[in-house]
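Q: Chains A and B supply the protein sequences, listed in that same order. Using the numbering used here, read the first sequence as starting at 46 and increasing by one per residue. Using the numbering used here, read the second sequence as starting at 3 and increasing by one per residue.
To be clear, the hints were calculated from the coordinates, so they are not data collected in a lab. This structure is a prediction, so every number in the text was calculated from the model and none was measured. Ideal Cβ placement from N, Cα and C applies to all residues, glycine included. Some clues are possibly wrong.
With a straight-line cut-off of 30 Å between C-alpha atoms, the simulated DSSO-like cross-links for lysine-lysine are [unchecked claim]:
1. Lys17/B with Lys78/B
2. Lys163/B with Lys391/A
3. Lys242/B with Lys413/A
4. Lys104/A with Lys132/A
5. Lys142/A with Lys127/A
6. Lys254/B with Lys163/B
7. Lys254/B with Lys242/B
8. Lys163/B with Lys137/B
9. Lys127/A with Lys263/A
10. Lys68/B with Lys163/B
11. Lys378/B with Lys427/A
12. Lys159/B with Lys112/B
13. Lys347/B with Lys427/A
14. Lys391/A with Lys216/B
15. Lys78/B with Lys391/A
16. Lys112/B with Lys413/A
17. Lys427/A with Lys354/B
18. Lys364/B with Lys420/A
19. Lys391/A with Lys159/B
20. Lys364/B with Lys427/A
Computed spacing ranges between beta-carbons, pair by pair [unchecked claim]:
21. Lys427/A with Arg352/B: 25 to 33 Å
22. Asp390/A with Leu357/B: 35 to 43 Å
23. Tyr317/A with Lys378/B: 54 to 62 Å
Some chain A residues judged to face chain B by a derived CB distance under 10 Å, without partners named [to be verified]:
24. Leu126
25. Ile130
26. Lys153
27. Lys238
28. Ile408
29. Asp412
30. Val428
Each chain, letter by letter, is given below.
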Amino acid sequence: MIYFDNAATTQPLTEVIGAIDDALKNHYANSSSLHKTGKQSKELLDDARNYFSSHYNLKDGNVIFTSCATESNNTVLYSLLKNYIKKNKKYNLVTLKIEHPSVYNTIKYYYEDSGVEIRYIKTDKNGNIDVENYKSLIDENTLFVSLSCVNNEIGTKNDIALLSKIAKQINPKLIFHSDFVQAAGKFALDMDKTDIDAISVSGHKFHAPKGIGVLLCKKNFKIAPLLHGGGQENELRAGTENIAYIIGIKKALELSEPYIADPSDIIKMRQYLISNIQNNLSDVILNSPQDISKASPYIINMAVLGCKGEVMQRMLDEADIAVSTSSACSAKKRVSRVLIDAGMDKSVAESSIRMSISRFNTISECDKVTDEIIKNANRLRKVGHYNK
Amino acid sequence: MKEVVLVRYGEIALKGLNRAYFEDTLKNNIAKRLRKFKDVTIKKAQSRLEVHFTESAQEEIIESIKNIFGIAYISKALIVDSDIEQISKAALSLYEEGKSFKIETRRGDKNFYLKSPEISAQVGAYVLSNSPCAKVDVINPETVIEVEVRKSTYVYKQSYKCRAGLPTSTGGKAALLLSGGIDSPVAGYMMASRGVELVCVYFHSSPYTPQEAKQKVVDLAKTLNDFAPGVSLYSVPFTKIQESIIERCDIKYLTILMRRYMMIIAEKIARKNNAKALITGESLGQVASQTIESIYSTNEVCKMPVFRPLIGFDKINTINIAKDIGTYDISVLTYEDCCTIFTPKHPQTRPKIDLVLEQEEKLSDIINEYIEQAVKDAEIIKF
Numbered sequence: 046m047i048y049f050d051n052a053a054t055t056q057p058l059t060e061v062i063g064a065i066d067d068a069l070k071n072h073y074a075n076s077s078s079l080h081k082t083g084k085q086s087k088e089l090l091d092d093a094r095n096y097f098s099s100h101y102n103l104k105d106g107n108v109i110f111t112s113c114a115t116e117s118n119n120t121v122l123y124s125l126l127k128n129y130i131k132k133n134k135k136y137n138l139v140t141l142k143i144e145h146p147s148v149y150n151t152i153k154y155y156y157e158d159s160g161v162e163i164r165y166i167k168t169d170k171n172g173n174i175d176v177e178n179y180k181s182l183i184d185e186n187t188l189f190v191s192l193s194c195v196n197n198e199i200g201t202k203n204d205i206a207l208l209s210k211i212a213k214q215i216n217p218k219l220i221f222h223s224d225f226v227q228a229a230g231k232f233a234l235d236m237d238k239t240d241i242d243a244i245s246v247s248g249h250k251f252h253a254p255k256g257i258g259v260l261l262c263k264k265n266f267k268i269a270p271l272l273h274g275g276g277q278e279n280e281l282r283a284g285t286e287n288i289a290y291i292i293g294i295k296k297a298l299e300l301s302e303p304y305i306a307d308p309s310d311i312i313k314m315r316q317y318l319i320s321n322i323q324n325n326l327s328d329v330i331l332n333s334p335q336d337i338s339k340a341s342p343y344i345i346n347m348a349v350l351g352c353k354g355e356v357m358q359r360m361l362d363e364a365d366i367a368v369s370t371s372s373a374c375s376a377k378k379r380v381s382r383v384l385i386d387a388g389m390d391k392s393v394a395e396s397s398i399r400m401s402i403s404r405f406n407t408i409s410e411c412d413k414v415t416d417e418i419i420k421n422a423n424r425l426r427k428v429g430h431y432n433k
Numbered sequence: 003m004k005e006v007v008l009v010r011y012g013e014i015a016l017k018g019l020n021r022a023y024f025e026d027t028l029k030n031n032i033a034k035r036l037r038k039f040k041d042v043t044i045k046k047a048q049s050r051l052e053v054h055f056t057e058s059a060q061e062e063i064i065e066s067i068k069n070i071f072g073i074a075y076i077s078k079a080l081i082v083d084s085d086i087e088q089i090s091k092a093a094l095s096l097y098e099e100g101k102s103f104k105i106e107t108r109r110g111d112k113n114f115y116l117k118s119p120e121i122s123a124q125v126g127a128y129v130l131s132n133s134p135c136a137k138v139d140v141i142n143p144e145t146v147i148e149v150e151v152r153k154s155t156y157v158y159k160q161s162y163k164c165r166a167g168l169p170t171s172t173g174g175k176a177a178l179l180l181s182g183g184i185d186s187p188v189a190g191y192m193m194a195s196r197g198v199e200l201v202c203v204y205f206h207s208s209p210y211t212p213q214e215a216k217q218k219v220v221d222l223a224k225t226l227n228d229f230a231p232g233v234s235l236y237s238v239p240f241t242k243i244q245e246s247i248i249e250r251c252d253i254k255y256l257t258i259l260m261r262r263y264m265m266i267i268a269e270k271i272a273r274k275n276n277a278k279a280l281i282t283g284e285s286l287g288q289v290a291s292q293t294i295e296s297i298y299s300t301n302e303v304c305k306m307p308v309f310r311p312l313i314g315f316d317k318i319n320t321i322n323i324a325k326d327i328g329t330y331d332i333s334v335l336t337y338e339d340c341c342t343i344f345t346p347k348h349p350q351t352r353p354k355i356d357l358v359l360e361q362e363e364k365l366s367d368i369i370n371e372y373i374e375q376a377v378k379d380a381e382i383i384k385f
């Protein structure tokens, strides 16, 4: 199996599984317990929390372990409703239509009919933000800005340090949140030196298991917990801490550090895959930004014109190659909402596939994938005209 | 006094010398469905089948067999000796205190010493005298307790109307061309109601069609199996043939050519299974491929009779049956199937046979091999 669907989820690392296994066997005590072994668990928990604080240089803030990034995003959006929005005041939220469903749909759920205005920033077809439009949307009533660092389908990379700075220059009181899911374990971020107030992270996108996420936020952002109970996580997220998975996510991030520092191999692989396909097959459109400074090298979204993406995906699957047609969280829908909202023609969106690579993929896998795509494209294009 | 599930049949009762064959077949069909209940035995008894059990829940047994063709009514019954005292006690045990009631008697055993009205009167009197609040109402009773006097006597108050028809396999076997649409499952259901055992044939166009499209047809076949036990499903890979038609032939003829090859393949599968006919869900004029000319053209490739029970049906009638039998909600799931993924803009709706043959000639060097391969590679799913 050639696994090119790492934006959907990644394979947990052996070292991570080992660390979790060890924790399950030896550090199963509840970190709230007062006995020695409970205190040991507490130390491990604090150690992981400190590691995340230091990794993202969060000097004064909260590191909250959650079950996933969807929970982290929901917590942020619920906190606004609970702690910030006052009756009879005008507010607006600024975000992108092409955000992950856990932001896009949750904003709609909480705010669509609440009187709070939702403002969507214009992007180009590659998902790049129109900065002038962005500036024009922020005003004194802007309560909140949410921008992902890396778009999960197109791979567009936003300069969230710059965008948060711009936002706060216009309205210093606003809260700037970033869904950092496709960036964690891949890009560095210094929260102290930027105007970003909160980020959401998910372990399974960087080789930890599913079921563990993190919400990092500065002290000024008042969290309203979604879960109430035993007051864990500094009263911000009740529920017994999942020590084993917290150790696992820490381990996974530690092991990602060399690749955050030097992503050159991944960048080479991306460039190789793109040019290999484009040089050997006509009518291929790169939906991700060409310019690597504006793109995550881990996500390559392209349209093979005349070939339905979902059929191409099944054909590749038959050849034991795993790719996606859109976000795994919205794969049941036939055409990617994100690609359509980014302004792509329906025919381009329908013929798009997402290949998302990891440091464990190889150049020879890129060759095999290219060969299969070419073979399938030739087959599909013969009949494609009649394939509705 | 013993609890049984009483099975009554309709049309079978009218059969003459071959009635035992129909009864035995129905008994076998019910037995197969009840195999999961270890304590169940089935007895034939004068135009009735008695399902005896010790531990199993009566409701579960009824639920398992209520849709089987050949059954007209199912009742939760008490079986007692044909003795007026025992009958009366059984009726009393079924009576719900406070409700108005009526006793209805059929005396199958004409040697029984009381006539039907006398039995009703005596049993009714017993119930009245033993229930302080009981009230007889022969016009509009809240409860009807039925008494059937035979060798033994059945007493019951609740009967379920079933689907009647003839027991599966008494009408032979036929291959049903089952798509994911609304019509073909209904066509299969209608033929199954006449005792036809179904071999379903589904054509898939993987990888153009998703796995869900096949699952949908599996679910449809499973639903049909509920009425006609013994359904099997052939999932035939059809992609290669479709791609060849598109590559070599005039696209206007795509639909008609596809349907002809489907009929050929279905007939081959029918022969392999000792089936003697084909069934389709065609309804005249419904879509381009269902004009008389198109049907003539597809019919022309088969030697077997092709049953088209919906041919004169209005779509609304078909939808109503589909809803009744539980296939509608499955059929309307919008997954693409082999007939919808490739469609010419302007299909030939009234194809002339010589022009169709001319198109087929373009595939003459490969098509037989592809057809044989499709039959050979078909996946068989049994229920």
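Q: Each hint: holds or not?
A: Against the structure, the hints:
no. : hint                               : in the structure
1   : Lys17/B with Lys78/B               : 26 Å, holds
2   : Lys163/B with Lys391/A             : 52 Å, violated
3   : Lys242/B with Lys413/A             : 24 Å, holds
4   : Lys104/A with Lys132/A             : 33 Å, violated
5   : Lys142/A with Lys127/A             : 24 Å, holds
6   : Lys254/B with Lys163/B             : 49 Å, violated
7   : Lys254/B with Lys242/B             : 18 Å, holds
8   : Lys163/B with Lys137/B             : 27 Å, holds
9   : Lys127/A with Lys263/A             : 17 Å, holds
10  : Lys68/B with Lys163/B              : 8 Å, holds
11  : Lys378/B with Lys427/A             : 26 Å, holds
12  : Lys159/B with Lys112/B             : 22 Å, holds
13  : Lys347/B with Lys427/A             : 17 Å, holds
14  : Lys391/A with Lys216/B             : 26 Å, holds
15  : Lys78/B with Lys391/A              : 59 Å, violated
16  : Lys112/B with Lys413/A             : 84 Å, violated
17  : Lys427/A with Lys354/B             : 27 Å, holds
18  : Lys364/B with Lys420/A             : 25 Å, holds
19  : Lys391/A with Lys159/B             : 62 Å, violated
20  : Lys364/B with Lys427/A             : 17 Å, holds
21  : Lys427/A with Arg352/B: 25 to 33 Å : 28 Å, holds
22  : Asp390/A with Leu357/B: 35 to 43 Å : 37 Å, holds
23  : Tyr317/A with Lys378/B: 54 to 62 Å : 42 Å, violated
24  : Leu126                             : 36 Å, violated
25  : Ile130                             : 39 Å, violated
26  : Lys153                             : 24 Å, violated
27  : Lys238                             : 48 Å, violated
28  : Ile408                             : 27 Å, violated
29  : Asp412                             : 22 Å, violated
30  : Val428                             : 5 Å, holds
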